[in-house]
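Visitor: Residue-level listing of the chains:
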Amino acid sequence: MPEINVTPLGAGQDVGRSCILVSIGGKNIMLDCGMHMGYNDDRRFPDFSYITQNGRLTEFLDCVIISHFHLDHCGALPYMSEMVGYDGPIYMTHPTKAICPILLEDFRKITVDKKGETNFFTSQMIKDCMKKVVPLNLHQTVQVDDELEIKAYYAGHVLGAAMVHIKVGSESVVYTGDYNMTPDRHLGAAWIDKCRPDILISESTYATTIRDSKRCRERDFLKKVHESIERGGKVLIPVFALGRAQELCILLETFWERMNLKAPIYFSTGLTEKANHYYKLFITWTNQKIRKTFVQRNMFEFKHIKPFDRSYADNPGPMVVFATPGMLHAGQSLQIFKKWAGNEKNMVIMPGYCVQGTIGHKILNGQRKLEMEGRSTLDVKLQVEYMSFSAHADAKGIMQLIRMAEPRNMLLVHGEAVKMEFLKGKIEQEFSIDCYMPANGETATVTTNPSVPVDISLNLLKREMALGGPLPDPKKPRTMHGTLIMKENSLKLVSSEQALKDLGLNEHQLRFTCRVQLQDPHSDPDTLQRIYVHLKSVLKGYTIQHLPDGTVMVESIVIKVSSSTEDPNTKVLLLSWSYQDEDLGSFLSTLLKKGLPSGL
Amino acid sequence: MMALPYITEHTGFTGTVYATEPTLQIGRLLMEELVNFMERVPKSQSATCWKNKEIQRLLPCPLKDAVEVWTWKRSYSMQEVNSALSKVQLVGYSQKVELFGAVQISPLSSGYSLGSSNWIIQSHHEKVSYVSGSSLLTTHPQPMDQSSLKNSDVLILTGLTQMPTANPDGMLGEFCNNLAMTIRAGGNVLVPCYSSGVIYDLLECLYQFIDSANLGTTPFYFISPVANSSLEFSQIFAEWLCHNKQSKVYLPEPPFPHAELIQTNKLKHYPSIHGDFSSEFRQPCVVFTGHPSLRFGDVVHFMELWGKSSINTIIFTEPDFSYLDALAPYQPLAMKCVYCPIDTRLNFHQVAKLLKEVQPLHVVCPEQYTQPPPSQSHRSDLMLELQPPPVPYRRCSVLNLPFRRRYERVYILPELANSLVPSEIKPGISVATVSAVLHSKDNKHTLQSVPKPPPVPPSKKRKRVMEEPPVVQAPKPLLSGAVPLEAFLATLQKHGITEVKVEETVDGHILHLQADDTLIQLEEDGTHIVCDNNEPLRTTLRDLVLRFLQKL
Chain A
1 MPEINVTPLG
11 AGQDVGRSCI
21 LVSIGGKNIM
31 LDCGMHMGYN
41 DDRRFPDFSY
51 ITQNGRLTEF
61 LDCVIISHFH
71 LDHCGALPYM
81 SEMVGYDGPI
91 YMTHPTKAIC
101 PILLEDFRKI
111 TVDKKGETNF
121 FTSQMIKDCM
131 KKVVPLNLHQ
141 TVQVDDELEI
151 KAYYAGHVLG
161 AAMVHIKVGS
171 ESVVYTGDYN
181 MTPDRHLGAA
191 WIDKCRPDIL
201 ISESTYATTI
211 RDSKRCRERD
221 FLKKVHESIE
231 RGGKVLIPVF
241 ALGRAQELCI
251 LLETFWERMN
261 LKAPIYFSTG
271 LTEKANHYYK
281 LFITWTNQKI
291 RKTFVQRNMF
301 EFKHIKPFDR
311 SYADNPGPMV
321 VFATPGMLHA
331 GQSLQIFKKW
341 AGNEKNMVIM
351 PGYCVQGTIG
361 HKILNGQRKL
371 EMEGRSTLDV
381 KLQVEYMSFS
391 AHADAKGIMQ
401 LIRMAEPRNM
411 LLVHGEAVKM
421 EFLKGKIEQE
431 FSIDCYMPAN
441 GETATVTTNP
451 SVPVDISLNL
461 LKREMALGGP
471 LPDPKKPRTM
481 HGTLIMKENS
491 LKLVSSEQAL
501 KDLGLNEHQL
511 RFTCRVQLQD
521 PHSDPDTLQR
531 IYVHLKSVLK
541 GYTIQHLPDG
551 TVMVESIVIK
561 VSSSTEDPNT
571 KVLLLSWSYQ
581 DEDLGSFLST
591 LLKKGLPSGL
Chain B
1 MMALPYITEH
11 TGFTGTVYAT
21 EPTLQIGRLL
31 MEELVNFMER
41 VPKSQSATCW
51 KNKEIQRLLP
61 CPLKDAVEVW
71 TWKRSYSMQE
81 VNSALSKVQL
91 VGYSQKVELF
101 GAVQISPLSS
111 GYSLGSSNWI
121 IQSHHEKVSY
131 VSGSSLLTTH
141 PQPMDQSSLK
151 NSDVLILTGL
161 TQMPTANPDG
171 MLGEFCNNLA
181 MTIRAGGNVL
191 VPCYSSGVIY
201 DLLECLYQFI
211 DSANLGTTPF
221 YFISPVANSS
231 LEFSQIFAEW
241 LCHNKQSKVY
251 LPEPPFPHAE
261 LIQTNKLKHY
271 PSIHGDFSSE
281 FRQPCVVFTG
291 HPSLRFGDVV
301 HFMELWGKSS
311 INTIIFTEPD
321 FSYLDALAPY
331 QPLAMKCVYC
341 PIDTRLNFHQ
351 VAKLLKEVQP
361 LHVVCPEQYT
371 QPPPSQSHRS
381 DLMLELQPPP
391 VPYRRCSVLN
401 LPFRRRYERV
411 YILPELANSL
421 VPSEIKPGIS
431 VATVSAVLHS
441 KDNKHTLQSV
451 PKPPPVPPSK
461 KRKRVMEEPP
471 VVQAPKPLLS
481 GAVPLEAFLA
491 TLQKHGITEV
501 KVEETVDGHI
511 LHLQADDTLI
521 QLEEDGTHIV
531 CDNNEPLRTT
541 LRDLVLRFLQ
551 KL
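Each protein sequence line maps, in turn, to chains A and B. Mind the numbering: the first sequence is residues 1 to 600 in our numbering, read in order. Mind the numbering: the second sequence is residues 1 to 552 in our numbering, read in order.
The following block holds chain A by itself, in its conformation from the complex (with noise of 0.2 Å):
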């Protein structure tokens, strides 16, 4: 039996450094290739020995796929792609294939030039990396190889998120990445078609939340936002440059305008003005109503949100500042904080998940004393509000992918193993799917049952739709009966008759005949028309012709009758009958040997 083996390397029973390596079909393929935001040390990447002990993954891996631009699903490309060595193709998005370098870039930055680790990637091989990327279109069928194909679906997670579809030959895989069931502020909701795969990788970041709608927590947050403000506090909302930062200024911008608020708006600097610029470019990516309008206002054009300078930080009086990055674990986000978070007027806003082991999830946790670099330690006096503003699926979402796609098996990945428990229990329950959560290393195996695909003829196929009717009745199948011929790769189903011809070969007729002697005190003539009658009677259902040469027929078995020499009462029946009609032509010559019965 075939199977499809799933192996993540990283985001098994964890969130960060996804790395899932799928085998189907004689095929390897890597989803994802991320690095882990909580640790500083090997951990931050998946584990790439487990694929082999010593040199280059480019023979084992036949493509790699990115799902989209977050540190935690690319993070680790150039490092696997470069420095433990990859050749084969890296299949991604046009948004993502724009992006993912500038935070490869960024995150580069952070850990070489300001944490001076060594042993890093280098901007030459970021470069050398994205040489490597094929760029993929929404719903392209892309032919990896003669047998690989993938397709993306849009997944409405960030910029150029997308799901993607695996096949080979008739086994298939689906890998959502990150994605999100409602549309917001400027993505839309993700779509897959009734594709039934063999296996739904999906996260479960959300795995046991259900959210309340979107408008409640947009309200919340503005209200929060506002009241802070009033108060004459400064509010810092850590965000990752692309994404919800973008929904998030959409959603204060036009608060902004509707309230006539004065107090300032800043973005951290850098990325600001080039991140917005990628969302006007790939307008295509975000959601309808953006689309519609963009050519009379683009949305991605505001008017209160300033580029931020280090020094506005100790300005007097409130502001909204959005800071990279967005789990307060480095640079300026964190910087800011430290400034901040002594004065309780102040608020920090998480508007998204926390990876174990950052600030933002400890403070997040309700841990008030933190302990920084250099032993010192920082009180945290500023109010701290989480709003689940991350665009993953929610239980409810990942049901209704489900419905969508109608897997055959689930698997999730990118999630907590308590909280992926209950979502898999529900699962089971709801759909009796069987569903998987293997941990890192772990390998989940399913087997498949594909069907066979055979070429068959058309003449057999059309005569055998034709005897079914115009509509088939269940409750009678019709047996059709054909010859499959097996040469090289190719499986033809033909007629019987054709494949003696196709194959060069004689038929080769077994006949058997059969004397009855029977004692019938009639003409020969009476006597055949007295069969006739009698098989009539007995054999419903078949076809009995009373031929004028003498002769009966049952289907294709002939019956004819001739007057003994001696008695002219004994009549001698010969039957004969081909191999073809063998059941029918044994039952006939036991029949008739029994005599004819009295009544007729």
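It is possible that part of the hints are untrue.
With a Cα cut of at most 25 Å, we get these calculated BS3-like pairs of lysine-lysine [what the hints assert, rightly or not]:
| hint | chain 1 | residue 1 | chain 2 | residue 2 |
| --- | --- | --- | --- | --- |
| 1 | B | Lys-426 | A | Lys-540 |
| 2 | A | Lys-462 | B | Lys-444 |
| 3 | A | Lys-109 | B | Lys-248 |
| 4 | B | Lys-426 | A | Lys-501 |
| 5 | A | Lys-127 | B | Lys-444 |
| 6 | A | Lys-560 | B | Lys-476 |
| 7 | B | Lys-248 | A | Lys-492 |
Calculated Cβ distances over 10 Å to all of chain A for the following chain B residues [said to hold, decoys possible]:
| hint | residue |
| --- | --- |
| 8 | Asn-151 |
| 9 | Thr-165 |
| 10 | Leu-382 |
| 11 | Val-410 |
| 12 | Leu-413 |
| 13 | Gly-428 |
Calculated directly from the structure, the hints in this document are not laboratory data. Where a beta carbon is used, it is the ideal one built from N, C-alpha and C, also for glycine.
Using the hints provided, position chain B relative to the given structure of chain A.
Guide: Okay, now just chain B, sitting in the frame of chain A:
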């Protein structure tokens, strides 16, 4: 695409229209522009009597020669456009779309304009390609996808260049030179054009040319109700552009340089000549506007304005209309006329190269392509010459495509597949008899195992059961091969049948089993068993014979 509303709105069409996203968006703009132009034309009483053949015959040229005037239609409305476009389902290049389970269609880049596509229609065994309006030149769109056209049974070829003798690159050079010459002489340049397509290339060409030709201060105007939208839309379809332009987006920079022309105020666009344009208009200048037929749209005003002065120039770039016909109503005209049609579609030379590469079994094309154009009947290079000769078609003709369907795909379910017993007939060739239930749904066929008949309920009339005729069952397979005499005799012996008298005949042998009064006739292509009143013997003999034969 411009005639789409006529089909979807007036014929009772209920189907789906497939198109790429740029085709939909830009097509919408062009239709919107057309509707807008038509609405500006004063509504006169509609006259139809002239369409009567008798009256039309008496009318002056060219009305007299117009064919099938009864089929002429009014322009559609914006409402009809919207309704027509609501039936469009978007597809991406190389996307495989299943139609009724029977065929699969997918669009391929044709390299002619943004989102333009050739189509493949294929089943599991047949493949038809539709190649229309394709270009092998490197302009702004994604290059033409040729490799996917390979292995076609039939290739339908249309939309070749209208200007087989004009070289687009040369025309572009001529265009720039004439433009510069007129401006230097203080004249204005009028370029009648469509609002999308070649204009992007013209603007790009001018972008490079402006500085070297010292045209930095000359204003360029693009006037169309959809000018802004067209320029904006062109920038957001990076996925559909050539590699060069695509990589610009990664920087991120707009893919087309006309963004910079607009930013630096060298290129200005207006919805019409009214409003802002009339106050900001400076001469000498270059104006791009429609409609290229010169019959309607803003271009008409410029013809009236500039037609009388010989320092002005009109440059025709669109190949769809004869420039002489277009100019006819404006004669006498002092304005200079330059004709440099830019048609990047395939010419005959390129077609020959393409077909050599793609190698379709048959080519179907309009009959015009099978002979040289009437005006240049000596140019035998301006026609398609192929082996086998192309199948020509003309308007309203119904063609039978020259292929025979022989096979269809059917799926054998795993349970049945496991139960098949293949036997090797010849080296490398195995056969297995298949008896199965055929299920056909949505043009997809599957074979399932024959369900086991429900066990016969224990019948009270046991005696009757014995006499029930056998249910119609799987007919026995056909047999093939021959029964070798010696081996057969040996087998008989093994089964205790020893008294066999062998008699030679013309075609084979007759075996006489004397003890049982049974005859077996062995021949090359048949075996005949004559056996009375001994059913067990007959079945034994049957099974022994079958051992030597192959079942199909």
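Visitor: So if I understand the rule, the pair passes when the alpha-carbon distance is 25 Å or less; does Lys-426 of chain B with Lys-501 of chain A pass?
Guide: holds (14 Å)
Visitor: Does Asn-151 of chain B sit more than 10 Å from chain A, CB to CB?
Guide: Label holds. Min Cβ-Cβ 13 Å, cutoff 10 Å.
Visitor: Taking 25 Å as the top limit, are the C-alpha atoms of Lys-248 of chain B and Lys-492 of chain A close enough?
Guide: Cα-Cα ~51 Å, so violated.
Visitor: Beyond 10 Å from chain A, beta-carbon-wise, is Gly-428 of chain B?
Guide: It is violated; Gly-428 of chain B is separated from chain A by about 7 Å at its closest Cβ, not greater than 10 Å.
Visitor: When you check the alpha-carbon spacing of Lys-127 of chain A and Lys-444 of chain B, does it fall within 25 Å?
Guide: It is violated: about 47 Å lies between the C-alpha atoms, which goes past 25 Å.
Visitor: Going straight from one Cα to the other, do Lys-462 of chain A and Lys-444 of chain B come out at no more than 25 Å?
Guide: holds (13 Å)
Visitor: Given the hint that Lys-109 of chain A pairs with Lys-248 of chain B, test it: the Cα-Cα distance must not exceed 25 Å.
Guide: holds (24 Å)
Visitor: Since Leu-382 of chain B was said not to touch the interface, does its Cβ keep a gap of more than 10 Å from each Cβ of chain A?
Guide: holds (36 Å)
Visitor: Is Lys-426 of chain B close enough to Lys-540 of chain A, meaning Cα to Cα at most 25 Å?
Guide: violated (42 Å)
Visitor: Hey, is Leu-413 of chain B genuinely clear of chain A, shortest beta carbon separation above 10 Å?
Guide: With a cut-off of 10 Å, Leu-413 of chain B comes too close to chain A, as the shortest Cβ separation is near 5 Å.
Visitor: Is the Cβ of Val-410 of chain B farther than 10 Å from every Cβ of chain A?
Guide: violated (4 Å)
Visitor: Does the claim that Thr-165 of chain B lies outside the interface with chain A hold up, using a Cβ gap greater than 10 Å?
Guide: Given that every Cβ of chain A is farther than 10 Å from that of Thr-165 of chain B, nearest at about 37 Å, it holds.
Hints 1, 5, 7, 11, 12, 13 from the earlier list are contradicted by this structure; the remaining hints agree with it.
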